[in-house]
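Peer 1: With these hints in hand, go ahead and build the complete structure from the sequences.
Okay, here's what each chain looks like letter by letter:
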Amino acid sequence: MEQLKELLFALCTAAGTSGDEVCAAQVVKKALEPYCDVTIDHMGNVIAFMGDKQAQRQVMLDAHLDQIGMIVTQIDEDGFLHVASCGGVDRRVLPGASVTVYGKKQLTGIVCCLPPHLVEDDGSTIEPIDKMAIDIGMDKNEAEQMVALGDRIIVNGAPRALLQHRIASAAMDDRAGCAAVIRCVQLLSDKRLTCGLTLLFSSREETGSQGAKTGAFRIFPTEAIAIDVTFADQPGVPAHKCGNLGKGPMIGTSPVLDREMKDRLLHIAKDEELPYQIEVMGGATGTNADVISTTQTGVRTALISIPLRYMHTPVEVIDLEDIEHTARLMASYIHHR
Amino acid sequence: MANIQLLQQLCERQGISGNEEAVRDFIVTQVTPYADRITIDAMGNVIAEKKGANRAKTKLMLNAHMDEVGLIVTHIDSDGYLKFATVGGIDKRVLCGRSVTVGNGVPGVIGVKPIHLLKGDEKGKAVPIHDMYVDIGAANREEAERTVHLGDPVCLDSVFHVQNGMIRGRALDDRVGCAILIDMLQSDLLYDMTFVFCVQEEVGTRGSRTAAYRVQPQAALVVETTTAADIAGVPKEKHVCRLGKGAVISFMDKGTIYDRDYYTLALQTAKELQLPCQVKQAVAGGNDAGAIHVTRGGVRTVAVSLACRYLHAAMGQIALDDFHSAEKLIMKLAEQIAGSQSG
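Chain order of the listed sequences is A and B. Mapped onto this note's numbering, the consecutive letters of the first sequence carry residue numbers 1 to 337. Mapped onto this note's numbering, the consecutive letters of the second sequence carry residue numbers 1001 to 1343.
It should be emphasised that the hints constitute simulated quantities derived from the structure, not laboratory data. Even for Gly, the Cβ is constructed at its ideal location relative to N, Cα and C. There are no misleading hints in this set.
Covered by chain B, according to a simulated footprint, are these stretches of chain A (three or more residues, beta-carbon under 8 Å):
| # | segment |
| --- | --- |
| 1 | 95–106 |
| 2 | 111–117 |
| 3 | 164–176 |
| 4 | 313–319 |
Peer 2: Take a look at the structure:
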């Protein structure tokens, strides 16, 4: 568990907004290199292979590398940065937040927030992101030396351990999934695989799954499992819309997912006494599974989701045991079939 | 030169109103070798008297407050979530998504409902404080109760740092004032002066009330931070004051009409020393001066503040140049006041 925690901390500490996943990709690459050959394609996907290339059964595991963030659209006359969101940023967490600007150097910025005496309504309105600005404490000239339009910005949320086995961080969506896939590789590393196993750490999920779409095309496996995060129980979220933190991976059930794979995952979880939960969706899953399944002539696809609280905030919370159980479930599915 | 390491040490200690011990202990350690007498009163204020080369013609008290705004745990629910109230004026919009520290170093987070599950205009609405909670990862109430207690302070986390001449950190309001006063106590003074480091400013200038009563000064110099609104989207006439333009002198705020002669003296002193200086261009906010100037038969009071952006958020920002020039101005102004007869 301690090792898994270290891996997750390293993954969450690396920056990787959609389309700019280089740092996160390097952490994944380093973690996988003892076990397999790793390449990074021109979309920014990290692709690794282990097992039998000639086997008829070719499995692909997918977790997305990228995290939500912001992108610099303008530097104004006073040196403030104006931004657009890169993925589904929740503007309610932005006022007064400390951020990192990935310019020529890493800079710390603060999202401007009006002092209370200048707030004209009752203080209950959060401005849209295009009305917000980032203060990097520089005038226009200084800012232009350090920051270019298109540079990325991430709200700071360094990983911290809470009680139980719970960890809070920005980027947990979907570095928790990346950690589960890497942990699965570790579990399989001393096994003789009778299938081929390709690992796809895909770019750009948060901006429309472009990484998974092209990565799955290139790999074109016979079956795929997408590993992402899903809503966990928290105040204000009705029980029927979420899973429970720490109660195990959620096995996806949906018209767009492969029923036989799902049944097999359920069977293995019961058989091996791994905790699990069922997540039912009426159609598209909102994950990479949606695009992987329709790749080329179609790929049988399952979805496993790790319960997560406070999605798309800098304090996303997961339970480390859910990651471990997700890894064990996948490892058994791949090995025992 | 003002002491940036000292400021960092002050900002890294937590001292939400009513829980100022860590800040107080640090200050007492810093000033004990230099003060002639230190008193800690019943409220928890630190009162340090220091002799100068000469007896003061006017008894001057310098003031800064030790406390900072924050949150306080009011309830632990059955699932182990902590409900809280605000301590001092915290804007609810800066709380969502923040990392916090509860009580004696317990990490927690203030989460919100995922954006994916919001309906209609919820996306642009601030979450009311009564709907917020702190998650420390506890499985249930019992586990939470073993770790934290009702009444524990909750502090917003941030990392103190200096970037491109800007000082960023939590609780700059008013550790920057504490840093300047400590620096003065650690140097040789021309006249006798009394320095008070007060508690509970953020919950109604309560500490300074008893400190000023005890000290019984003829004059008071309040060293504070004040809101700078020189940020994107705010028209110039609403900036109030600006970072990098020197110390801010107030003529009036919501708590005090300042002594006219001292106000003029402050501006004139800055001019003589060729230090940048600006006038606070709004009647807004308030500070310990509000309590001090009406103590006993009245105290002639002046406030010199540092312009600070994002005053009551997780991370404020002041200009390093202002920190240095304000300290010079405050030292000289204190001498001028203490060295001349009060009217």
